[in-house]
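**Student:** Chain by chain, the residues:
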Amino acid sequence: AQKVTQAQTEISVVEKEDVTLDCVYETRDTTYYLFWYKQPPSGELVFLIRRNSFDEQNEISGRYSWNFQKSTSSFNFTITASQVVDSAVYFCAPPGSGANNLFFGTGTRLTVIP
Amino acid sequence: ETGVTQTPRHLVMGMTNKKSLKCEQHLGHNAMYWYKQSAKKPLELMFVYNFKEQTENNSVPSRFSPECPNSSHLFLHLHTLQPEDSALYLCASSKGQGYQPQHFGDGTRLSIL
Chain C
1 AQKVTQAQTE ISVVEKEDVT LDCVYETRDT TYYLFWYKQP PSGELVFLIR RNSFDEQNEI
61 SGRYSWNFQK STSSFNFTIT ASQVVDSAVY FCAPPGSGAN NLFFGTGTRL TVIP
Chain L
1 ETGVTQTPRH LVMGMTNKKS LKCEQHLGHN AMYWYKQSAK KPLELMFVYN FKEQTENNSV
61 PSRFSPECPN SSHLFLHLHT LQPEDSALYL CASSKGQGYQ PQHFGDGTRL SIL
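Taken in order, these protein sequences are the chains called C and L. FYI, the numbering used here numbers position 91 of the first sequence as 91, with every residue one higher than the one before it. FYI, the numbering used here numbers position 29 of the second sequence as 29, with every residue one higher than the one before it.
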C-alpha cells in the first residue's frame, strides 16, 4: 500500500530562520512523481515542484530547496531565511488513485512569526 | 493571477436553493478537477474531466452535479445541499494524463444555512 506521511502537523519559526518540512512516501512503485504544493491563508493551492523518482539531485529555487532520497523514501522541503509570507499549509502530494490524480493529506501548517 | 478563475469567491445558500459554481482556465489545459476542502480534513477529489469527458467520480452525492461544456470551463451545480457541504471548493486544471502539475483557482467558500 502507498502511504505519505508529513509527521509535522504544525511548525512555528521566527522570521529569517531556516525550516525543513518533512515528507516520507512509502510505495512499492519503482517510478513515480512527487509534488509539493503551498496553500496560503487566501485558499488557493500553489504548485511548487514536481520530482521524478529517477532524479535524486537536490533542487534549489531561490530560498526553496528540496532533497529527495529514494533510499529513505523522503522528499524534504527547506525554506531558507523564512519570511512571514511563507506562512501557509504545505502539502507533499504523491499519486492518487487515478491516472492523473494526486493525493493531498492534511499537510504541515507553517507559521512564520515576525 | 493563477490562470484558473473561480466564481463566486463566496456563496451563502439555503438548503433548498439551487446555485452553480463556475471555473474557467486560461492555460490551454485539457483536464479539470473539482476538490472539496472541509475544515481539518484532507483535500477530497470530487470529479475529474479529461477532454470534456468525466473520468472520475469519487462517490459524490447526486446533489452535486458537474458539467464540462469544453476544456476551458467547468461547472458544479448545487441543489438541496446539507450543512456538512459547507467547505472550500477548489477547481484545478492540468495538461492531461501523466501526473502533470495541477494549477488551482482561488476557490469558492460555500456556506449552507
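Keep in mind that a hint or two might mislead.
To be verified - Far from chain C by the CB rule (all over 12 Å, computed), these chain L residues:
#1 Q6
#2 E44
#3 N58
Stated by the list, open to error - Heads up, simulated DSSO-like pairs for lysine-lysine below, C-alpha to C-alpha not over 30 Å straight-line:
#4 L:K40 to C:K38
#5 L:K52 to C:K70
#6 L:K41 to L:K22
#7 C:K3 to L:K19
#8 L:K18 to C:K16
#9 L:K40 to L:K22
#10 L:K22 to C:K38
#11 L:K95 to C:K16
#12 L:K18 to C:K70
#13 L:K22 to C:K70
#14 L:K95 to C:K38
#15 C:K70 to L:K19
#16 L:K18 to L:K40
#17 L:K18 to L:K52
#18 L:K18 to C:K3
#19 C:K3 to L:K95
#20 L:K40 to L:K19
#21 C:K16 to L:K22
Hints were generated in silico from the structure; no laboratory data involved. Glycine is no exception: its CB is placed at the ideal position from the N, C-alpha and C atoms.
**Student:** If a hint holds in the structure, say so; if it doesn't, say that too.
**Tutor:** Right, here's what the structure says about each hint:
no.: 1; hint: Q6; result: violated, 9 Å
no.: 2; hint: E44; result: violated, 9 Å
no.: 3; hint: N58; result: violated, 8 Å
no.: 4; hint: L:K40 to C:K38; result: holds, 16 Å
no.: 5; hint: L:K52 to C:K70; result: violated, 36 Å
no.: 6; hint: L:K41 to L:K22; result: holds, 23 Å
no.: 7; hint: C:K3 to L:K19; result: violated, 37 Å
no.: 8; hint: L:K18 to C:K16; result: violated, 48 Å
no.: 9; hint: L:K40 to L:K22; result: holds, 25 Å
no.: 10; hint: L:K22 to C:K38; result: holds, 23 Å
no.: 11; hint: L:K95 to C:K16; result: violated, 36 Å
no.: 12; hint: L:K18 to C:K70; result: violated, 49 Å
no.: 13; hint: L:K22 to C:K70; result: violated, 40 Å
no.: 14; hint: L:K95 to C:K38; result: holds, 20 Å
no.: 15; hint: C:K70 to L:K19; result: violated, 46 Å
no.: 16; hint: L:K18 to L:K40; result: holds, 27 Å
no.: 17; hint: L:K18 to L:K52; result: holds, 23 Å
no.: 18; hint: L:K18 to C:K3; result: violated, 38 Å
no.: 19; hint: C:K3 to L:K95; result: holds, 26 Å
no.: 20; hint: L:K40 to L:K19; result: holds, 25 Å
no.: 21; hint: C:K16 to L:K22; result: violated, 40 Å
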